[in-house]
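Starting from the structure of chain A, add chain B where the hints point.
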Amino acid sequence: KAGVTQTPRYLIKTRGQQVTLSCSPISGHRSVSWYQQTPGQGLQFLFEYFSETQRNKGNFPGRFSGRQFSNSRSEMNVSTLELGDSALYLCASSLGDRVFGNTIYFGEGSWLTVV
Amino acid sequence: GNSVTQMEGPVTLSEEAFLTINCTYTATGYPSLFWYVQYPGEGLQLLLKATKADDKGSNKGFEATYRKETTSFHLEKGSVQVSDSAVYFCALVSSGGYNKLIFGAGTRLAVHP
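Protein chains in written order, with our numbering: chain A, 1 to 115; chain B, 1 to 113.
Keep in mind that the hints were calculated from the coordinates and are not lab data. Think of the CB as a built atom: it goes at the ideal place given N, C-alpha and C, for glycine as much as any other residue. Don't take every hint at face value.
[Said to hold, decoys possible] Here's a subset of chain B near chain A, in silico, CB distances under 8 Å, partners left out:
no. : residue
1   : Phe89
2   : Tyr98
3   : Asn99
4   : Lys100
5   : Leu101
6   : Phe103
7   : Ala105
8   : Gly106
If we strip away everything but chain A, and leave its shape as in the complex, we get (with noise of 0.2 Å):
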């Protein structure tokens, strides 16, 4: 079955501009979580969302946002874009039924460059 989808794969902005990044997790999955890759901060977490209620938050200003539809899919956003920002963003699903021992399974990332 396919696995987690992100799109775009690629992208350039400048400062002060927004970005959405989107999400398809695996089929049957219904929680899907963010991740920020840094060189300098590694991997952190922004937020998970299960059946479309934000289930937990990382430590993000504000402007890091997101959401889930009701087919599971995610989307989050970024506004007034930093220079700071320029990472890679990591989607992540899993069934999120329950709490304990779940497979987490990340997609391929979206490289996000800020100028």
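Chain B alone, transformed into the frame defined by chain A:
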């Protein structure tokens, strides 16, 4: 708070050498533990996982045992190949943490012929 500490890299080995990448964690309760691998320019792939103490996760010749007494989850492989060159991440999901993965800093492995 919950955290994961990995040995710093890079780790450089010759083909067929034995690999160990150390990982220790701090967490309340009983976390689930994972190893992920990232090849250049790609996302993360789940390598193996363990959900309770003394569980051994294994995949593609890699193994790791959940040791609660030492709060460790060291990754091992008996004979590495050039194709194993990648960055390896140890991670946990705390009990009650839903699907929030907490990652170590990653360890880069380079295997030479």
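Hint check results:
no.: 1; hint: Phe89; verdict: holds (7 Å)
no.: 2; hint: Tyr98; verdict: holds (5 Å)
no.: 3; hint: Asn99; verdict: holds (5 Å)
no.: 4; hint: Lys100; verdict: holds (5 Å)
no.: 5; hint: Leu101; verdict: holds (6 Å)
no.: 6; hint: Phe103; verdict: holds (4 Å)
no.: 7; hint: Ala105; verdict: holds (5 Å)
no.: 8; hint: Gly106; verdict: holds (6 Å)
When each numbered hint is compared with the structure, no violation occurs for any of them.
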